[in-house]
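**Student:** Sequence:
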Amino acid sequence: MIEIPSDLHKDLVPLAFLLGSWAGAGVHDFPGSEKCNFGQEVTFAHDGRDFLEYRSHTWVLDDDGNKVKPLESESGFWRIDGARKVEVTMTRDDGVIEIWYGELADQKPQIDLVTDAVARTAASRPYTGGKRLYGYVKSDLMWVGEKQTPEVELRPYMSAHLKKVVTPEDVQRWAKALPDDMPDDGIAFFK
Numbered sequence: 001m002i003e004i005p006s007d008l009h010k011d012l013v014p015l016a017f018l019l020g021s022w023a024g025a026g027v028h029d030f031p032g033s034e035k036c037n038f039g040q041e042v043t044f045a046h047d048g049r050d051f052l053e054y055r056s057h058t059w060v061l062d063d064d065g066n067k068v069k070p071l072e073s074e075s076g077f078w079r080i081d082g083a084r085k086v087e088v089t090m091t092r093d094d095g096v097i098e099i100w101y102g103e104l105a106d107q108k109p110q111i112d113l114v115t116d117a118v119a120r121t122a123a124s125r126p127y128t129g130g131k132r133l134y135g136y137v138k139s140d141l142m143w144v145g146e147k148q149t150p151e152v153e154l155r156p157y158m159s160a161h162l163k164k165v166v167t168p169e170d171v172q173r174w175a176k177a178l179p180d181d182m183p184d185d186g187i188a189f190f191k
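Be aware that the sequence shown starts at 1, since it is given in UniProt numbering, and climbs by one per residue.
A couple of the hints might just be wrong.
Just the calculated beta-carbon pair ranges, DEER-fashion [claimed, not checked]: (1) R155 to A177: 38 to 46 Å; (2) R173 to A23: 14 to 22 Å; (3) V166 to A119: 34 to 42 Å; (4) A177 to S33: 42 to 50 Å.
Only pairs whose alpha carbons sit at most 16 Å apart, straight line, appear in this in silico EDC-like list of lysine to aspartate or glutamate [unchecked claim]: (5) K147 to D116; (6) K147 to D170; (7) K131 to D116.
I should point out that these hints are in silico values taken from the structure, not numbers from a laboratory.
For clarity, every value in this text was computed on a predicted model and none was experimentally measured.
Backbone N, C-alpha and C define an ideal beta-carbon position, used for all residues, glycine too.
Produce the entire structure from the sequences given, and follow the hints as far as they go.
**Tutor:** Structural data, given as structure tokens:
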């Protein structure tokens, strides 16, 4: 279910499907790094201005799904214009700062992004750019990332399947929004 908060900036309505906290797991595989499964927590939030605030934390998982160690963290800001063009500024924990541009697909909640600019600190690993695809599929958020370095051509390196995190505040808000004539047996929903 996609909710559009009443205080969401009007320009951000097309990105409302991203809002909230998400958690799930995925696969990381890139030359020079150990292939692994990872866990991820992502938050897209707003404060009424014309951007979404983005935060992501990933960690390596062992074979039993337990956290082993941090993998990547990133944060940034997402904007969209009237022509469905999306721009993202992002900072990563490894010293990379990126500007991404892309667009929201027509008639579906899917965003394709490509790096436009990359800045790196002296401590960061080699990196020259990437692509990302985000999609809202059957109430879940899925994404795949590609990256390239001077030594490795553009290729997929991470993908994840995330579920919306439901908070007690969400449940309380939904309960208050239920109609007064709600059937108590639940069967009426299916008639």
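**Student:** Need the status of pair K131, D116: alpha-carbon distance at most 16 Å?
**Tutor:** Satisfied, since the Cα-Cα distance of roughly 10 Å is no more than 16 Å.
**Student:** Between V166 and A119, does the C-beta distance stay in 34 to 42 Å?
**Tutor:** Once the Cβ atoms are compared, 37 Å apart, the range 34 to 42 Å for A119 and V166 holds.
**Student:** If you check the beta carbons of R173 and A23, does the distance land in 14 to 22 Å?
**Tutor:** Hint holds: Cβ distance 20 Å, inside 14 to 22 Å.
**Student:** Straight-line Cα separation of K147 and D116 no greater than 16 Å?
**Tutor:** Between K147 and D116 the Cα gap is close to 13 Å, so the pair holds against 16 Å.
**Student:** Are the Cα positions of K147 and D170 separated by 16 Å at most?
**Tutor:** Not OK: K147 and D170 at ~36 Å, beyond 16 Å, violated.
**Student:** Confirm or reject the claim that A177 and S33 have a C-beta distance inside 42 to 50 Å.
**Tutor:** The hinted range 42 to 50 Å holds for A177 and S33, with Cβ atoms some 45 Å apart.
**Student:** Is it true that R155 and A177 lie within 38 to 46 Å of each other by Cβ?
**Tutor:** Check passed, 45 Å falls within 38 to 46 Å.
Of the numbered hints listed earlier, the single one contradicted by the structure is hint 6.
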